[in-house]
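Asks: Work out the full structure, taking the sequences as your base and the hints as a guide.
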Amino acid sequence: MINRLWKIISDIAAMLYNSIQSTNANILRGILLPIMGIHNLEKILGKISENLDENKSSLNHKIDEARDALVQTSKIINELEVELNKNVENLEIAKDEYKKFSRLAKVERDSAASLLETVAETVDSGKKKERWFNFLISATTGIIIFIIGIWLGPFITNFFNINK
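No gaps in the numbering here: position 6 of the sequence shown is 17 in our numbering, and each next residue is one more.
One thing to keep in mind: the hints can contain errors.
Label-pair distances were calculated between CB atoms; the ranges are [claimed, not checked]:
| hint | residue 1 | residue 2 | range |
| --- | --- | --- | --- |
| 1 | Arg114 | Val82 | 40 to 50 Å |
| 2 | Lys140 | Glu119 | 25 to 35 Å |
| 3 | Ala105 | Asn145 | 49 to 59 Å |
Simulated from the structure, these hints should not be mistaken for laboratory data. For glycine and all other residues, C-beta sits at the position ideal for the given N, C-alpha and C.
Replies: Laid out in structure tokens, this is it:
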């Protein structure tokens, strides 16, 4: 689009330059020829007028094309600006969400670490107590069964008629 605009502007500049050159040449002919005695002034002025009209209409056409290209470029730039603003807003929202989830993950990680530490302490400190408690239960149970075995031993041997 910008290349097209530059081409139109350069065409306008070239046309203006050519128009000025041909107009200057025709004006010089128009001034010098009557002085020299030639009476075709009306033809020369007619050619100058035609030349100016052609250049003016062509120049107006090129100016209209340049204006249309500028309007279209302006519209495209506005659309790009709107889209860019939307992308910036979405990026800000994404950054805020990332920060929020990052903080939440850190809090969760800290909470999980402290919870695991507490559980580990509880399990480790309870192991010794639990081992002593299990030992006492097993020892007590063993002693009770031993005493019951000694007390019931003669009854069982008599019941089954087991003699030595």
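Asks: Against this structure, judge whether each hint is valid.
Replies: Results for each hint:
1. Arg114 <-> Val82: 40 to 50 Å: Once the Cβ atoms are compared, 49 Å apart, the range 40 to 50 Å for Val82 and Arg114 holds.
2. Lys140 <-> Glu119: 25 to 35 Å: Distance hint for Lys140, Glu119 holds at roughly 32 Å.
3. Ala105 <-> Asn145: 49 to 59 Å: holds, 56 Å
Of the hints listed earlier, there is not a single one the structure fails to meet.
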